[in-house]
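Make the full structure from the sequences, and use the hints.
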Amino acid sequence: MEGFDFDVIQRSWVYLFQEGMTFTVTLTLLAMTGGIVFGTLLAMMRLSAFKPLSMLAGGYVNLMRSVPLVLVIFWFFFLVPYIGAWITGASQPVKVGAWMSAVITFTMFEAAYYCEIMRAGIQSIPRGQVWAGYALGLNYWQAMAQVVLPQAFRNMLPVLLTQTIILFQDTSLVYVISATDFLGAASKVANRDYRLVEMYTFVAVVYFIISYGLSMLVKQLQDRIAIIR
Amino acid sequence: MGYNWHWKVLLEAEPGGTGTYLQYLIVGLGWTLVTALAAWVIALTIGALVGTVRTTPYTWLVRTGNLYVEIFRNIPLIVQMFLWFFVMPELLPTELGDWIKQMPPPWSSYIPAVLCLGIFTSVRIAEQIRAGINSLPRGQHMAGTALGLTLGQAYRYVILPQAFRIVLPPLTSESMNIIKNSSVALTIGLLELTGRARAMQEFSFRVFEAFAAATVIYLLVNLVVVLAMRALERKVRVPGLIGSQAVQAGH
Numbered sequence: 001m002e003g004f005d006f007d008v009i010q011r012s013w014v015y016l017f018q019e020g021m022t023f024t025v026t027l028t029l030l031a032m033t034g035g036i037v038f039g040t041l042l043a044m045m046r047l048s049a050f051k052p053l054s055m056l057a058g059g060y061v062n063l064m065r066s067v068p069l070v071l072v073i074f075w076f077f078f079l080v081p082y083i084g085a086w087i088t089g090a091s092q093p094v095k096v097g098a099w100m101s102a103v104i105t106f107t108m109f110e111a112a113y114y115c116e117i118m119r120a121g122i123q124s125i126p127r128g129q130v131w132a133g134y135a136l137g138l139n140y141w142q143a144m145a146q147v148v149l150p151q152a153f154r155n156m157l158p159v160l161l162t163q164t165i166i167l168f169q170d171t172s173l174v175y176v177i178s179a180t181d182f183l184g185a186a187s188k189v190a191n192r193d194y195r196l197v198e199m200y201t202f203v204a205v206v207y208f209i210i211s212y213g214l215s216m217l218v219k220q221l222q223d224r225i226a227i228i229r
Numbered sequence: 230m231g232y233n234w235h236w237k238v239l240l241e242a243e244p245g246g247t248g249t250y251l252q253y254l255i256v257g258l259g260w261t262l263v264t265a266l267a268a269w270v271i272a273l274t275i276g277a278l279v280g281t282v283r284t285t286p287y288t289w290l291v292r293t294g295n296l297y298v299e300i301f302r303n304i305p306l307i308v309q310m311f312l313w314f315f316v317m318p319e320l321l322p323t324e325l326g327d328w329i330k331q332m333p334p335p336w337s338s339y340i341p342a343v344l345c346l347g348i349f350t351s352v353r354i355a356e357q358i359r360a361g362i363n364s365l366p367r368g369q370h371m372a373g374t375a376l377g378l379t380l381g382q383a384y385r386y387v388i389l390p391q392a393f394r395i396v397l398p399p400l401t402s403e404s405m406n407i408i409k410n411s412s413v414a415l416t417i418g419l420l421e422l423t424g425r426a427r428a429m430q431e432f433s434f435r436v437f438e439a440f441a442a443a444t445v446i447y448l449l450v451n452l453v454v455v456l457a458m459r460a461l462e463r464k465v466r467v468p469g470l471i472g473s474q475a476v477q478a479g480h
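Heads up: the protein sequence lines correspond to chains A and B, in order. Its first residue numbered 1, the first sequence is counted upward by one per residue in the working numbering. Its first residue numbered 230, the second sequence is counted upward by one per residue in the working numbering.
Treat the hints loosely; a few may be bogus.
[Stated by the list, open to error] Taking beta-carbon pairs under 8 Å as the criterion, some of the chain B residues facing chain A (in silico): (1) 232; (2) 409; (3) 416; (4) 444; (5) 448.
[Stated by the list, open to error] Label pairs and their in silico Cβ distance ranges: (6) B:247 - A:209: 43 to 49 Å; (7) A:33 - B:259: 38 to 44 Å; (8) A:223 - B:293: 21 to 27 Å.
Read the hints as simulated data drawn from the structure, not as lab findings. Heads up, the beta-carbon is just placed ideally off N, CA and C, and yes, glycines get one too.
Below you can see the structure in the form of structure tokens.
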């Protein structure tokens with residue numbers, strides 16, 4: 001290991017975590033929240049008896065799941081300025097930074113994956129639950145919000161969280177639009193100081209510790225839920 | 230929306246002089262498939278081995294298998310790409326490292342990309358195989374032992390033939406994933422389909438035509454993979470079993 005300079009980590013860790021990791025974690029949390037909300041709506045659409053609605057949601061989900069995330073990131077990076085101009089009525093594409101573009105991309109992309117999880121969750125609830133809700137005088141939205149979704153959400157919690165760990169890892173792909181996430185920050189330092197080996201090894205170790213820790217927590221949660229059921 | 234579509238750009242010559250942009254993208258698809266296929270071979274071999282080993286009664290084998298799975302599952306794919314591309318040559322003996330770094334252009338990124346994708350995917354396949362083996366009734370293994378089969382024989386003649394068929398449906402999505410994930414190799418300079426779509430966008434300033442063409446190609450590939458795997462599934466299905474698929478997180 002001679003010739004390696006691990007001091008570079010000590011010199012840059014404040015920047016790495018304050019700039020980079022904050023970006024990564026915030027992006028993960030925003031995309032998780034937005035993705036689960038939008039994904040649940042998509043799942044309800046997919047399960048709707050109204051064919052055009054279920055086909056629209058199904059088409060969206062299948063499209064997102066068939067295309068590489070990197071390509072989706074590029075799509076949104078260039079498309080969002082045009083959509084912005086279309087919404088605001090501006091004649092020129094509006095300027096949207098890498099941050100905003102990343103938030104929109106990951107919310108829209110992850111929604112497709114959360115949708116499939118929530119769909120399985122909703123389908124795991126016995127039909128009698130819905131009928132009982134209707135018999136009590138609840139309408140569709142009330143039955144969904146108060147009877148079906150809480151149970152579906154609880155049943156699927158471990159899978160939803162596992163998906164979130166994958167999302168946390170996948171946010172590192174914003175590297176392709178030069179955003180300064182944890183990997184992006186490390187890569188900037190690595191190229192500035194010409195310390196690629198040290199920085200990328202460090203990045204791998206940090207991602208490993210966080211992802212492994214979170215997956216252990218999910219496993220514990222899974223065991224706990226399994227006992228209650 | 231204020232965007233002027235210009236689809237004819239696909240038939241214009243790309244600046245590298247190898248033909249039209251459409252041909253340029255098709256060659257990219259070729260690299261995508263060649264990368265995915267080579268990685269798929271590595272992934273299936275290691276995945277089947279590690280997955281099987283983790284169901285055996287030997288604790289140290291199970292632990293080694295678990296360690297392997299946890300390491301490669303908890304590091305993002307792009308970071309693993311960088312490890313194979315930037316870090317691995319430095320850790321090898323100097324001559325070997327230099328030889329890898331000095332390989333002519335597509336190969337210097339192709340080989341790390343294949344190794345990286347293969348090992349990344351092998352972990353996911355190992356999980357599927359292990360789940361497949363564990364989903365078999367325990368009686369299968371016991372019946373094998375009662376008939377006088379050794380552990381190796383029980384695996385070879387009773388357990389694995391069933392487990393491999395059970396995991397076929399999830400393997401469909403893994404084979405699609407490996408094709409999609411190969412796009413991450415553009416970050417280490419492999420000009421596969423997505424990389425070429427981005428290059429085309431930079432050369433021609435035709436952003437959406439380039440990405441739309443790549444998207445359509447991915448959708449077609451997806452269709453072919455799904456149909457092929459469905460045909461394979463029908464062919465090797467275990468009679469009397471309901472093919473069911475558990476929900477899984479994915480990307």
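Here's how the hints hold up against the structure:
no., hint, verdict
1, 232, "6 Å, holds"
2, 409, "4 Å, holds"
3, 416, "6 Å, holds"
4, 444, "6 Å, holds"
5, 448, "5 Å, holds"
6, B:247 - A:209: 43 to 49 Å, "45 Å, holds"
7, A:33 - B:259: 38 to 44 Å, "40 Å, holds"
8, A:223 - B:293: 21 to 27 Å, "24 Å, holds"
In this structure, none of the earlier numbered hints is contradicted; all agree with it.
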